[in-house]
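Using the sequences provided together with the hints, build the complete structure.
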Amino acid sequence: MNVSEEKIDNALVLKVSGRIDSSTAPDLQTHLMDCIGRAPTILIDLAETDYMSSAGLRVILMGAKTCKKDARQFGLCCLQESVHEVFEISGFLSIIQAFATREEALQALAG
Amino acid sequence: MTERHKLVLKNDLSELQRLAQWLEACGEAEAVDPKTLFNFNLALDELVTNVVSYAYPEGGEHAFSVELWREGGRLIAMLVDDGVPFNPLEIAEPELDTTLDERKIGGLGVHFVRKLLDDVRYSHEDGRNHVRLMKHLSV
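Residue numbers (UniProt numbering), protein chains in the order written: chain W, 1 to 111; chain F, 1 to 139.
Careful: at least some of the hints might be erroneous.
Covered stretches of chain W (in silico footprint by chain F; criterion: 3 or more residues with CB under 8 Å from a CB of chain F, positions within the stretch not fixed) [as the list claims (entries may be wrong)]: (1) 18 to 31; (2) 45 to 57; (3) 80 to 89.
Don't read these hints as lab results, they were simulated from the structure. Virtual Cβ for every residue (Gly too), placed ideally from N, Cα, C.
Dropping the structure here:
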């Protein structure tokens, strides 16, 4: 798993590539928690994330909760089909905003 | 019944990578569709994570195994470990219909296992935990 970040106006976009499982999720958690606090909007771009287990969902949930508590915007974009399915069966799509494209996400969250 | 593929794992989370690669190779050998393979990968990932995290509280290196085989139109996996007796099917179903604030993470891994497979069985035999997963292959 690799994480890179990009600042787009008021948003910090975290691009995650590879596999997020219980061996790599702690690394994502470190990156994400470090980012929150540096921008009013946090977007996680999952275009290159081809696998996520419940360990990854735990980190995403933690990020969403922290952002809500701090009155920051939080969202996801570009979920691949298998990752989308994981979010769907976990019920996360009704509590965390997920967008088809990065543009859509930035417009909705930071616009 | 086809050949039984077997993988021996250590109690270390870095083994998940090896599990994924092994499943990929088994999938190719048994001509399993990518979606079914993904379901087995996620389910076994969650169960193996539990074994690595909780089955050997005394620490030290331990080995446990996963087997995978095809029986007619069904794909079957068996995870066997000699750690603390633990039936994952006794984990309560998570509450999915909540607000963000109320949402808890617990039980999600086992929820995936139940949801993605057609049949999940647990038994404790000869001092070992056995979890058997089965899914019908789409034709």
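Structure-based check of each hint:
1. 18 to 31: Contact hint for the stretch 18 to 31 of chain W vs chain F: holds, 4 residues under 8 Å.
2. 45 to 57: With 5 residues closer than 8 Å to chain F, the stretch 45 to 57 of chain W meets the three-residue bar; holds.
3. 80 to 89: holds (count 3)
The structure is consistent with each of the numbered hints, conforming to all of them.
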